[in-house]
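Going by the working numbering, 13 is the number at position 13 of the sequence shown; the sequence numbering is gapless.
No lab work stands behind these hints, which were simulated from the structure alone.
Computed beta-carbon distance windows for the label pairs:
| no. | residue 1 | residue 2 | range |
| --- | --- | --- | --- |
| 1 | Gly3 | Val71 | 30 to 36 Å |
| 2 | Thr8 | Gly98 | 35 to 41 Å |
| 3 | Gly38 | Thr76 | 18 to 24 Å |
| 4 | Gly98 | Gln31 | 33 to 39 Å |
For every residue, glycine included, the Cβ atom is placed at its ideal position computed from N, Cα and C.
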Amino acid sequence: MTGIEPKTAVRRYFDALAAGDQEAIWNSWAQDGSCWYGGDLPISGTWQGRDQVINGFLATAFAHLDPEKEVGLRITNLFGEGEQVFVEWDSWATGRTGRPYNQKNSGVFTVRDGKLVSMREYSDTQNWERALLTNPA
1 MTGIEPKTAV RRYFDALAAG DQEAIWNSWA QDGSCWYGGD LPISGTWQGR
51 DQVINGFLAT AFAHLDPEKE VGLRITNLFG EGEQVFVEWD SWATGRTGRP
101 YNQKNSGVFT VRDGKLVSMR EYSDTQNWER ALLTNPA
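Model the full assembly from the supplied sequences, consistent with the hints where possible.
In structure tokens form, the structure reads like this:
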């Protein structure tokens, strides 16, 4: 993926997420990539290394979704400068709780040599909790 513009790398990652393309998701991340998600949720905190980002952060998030129902995402805004890319996206699913999940998200990505090296994601954590946790606080 070397030589790929940062915005293109991020768009390809989102395309891979939407398609459930595990190989492309894995190949999107640098080996030492990191992900941060705010709040006090099962996915909150810093996930360090590609394995933790994919098999920790993403796997934990998707484990709360009903796999029999539609899971979707759509980029609504994407722009960047140098290595930094800012993305806004809508995501939707049904939680294993049976409750609908509709979220507006934003994230700041850093891309080097065509690979994602960091992501900071911002969203309504209370919405996540209400929709996806069995016994929200």
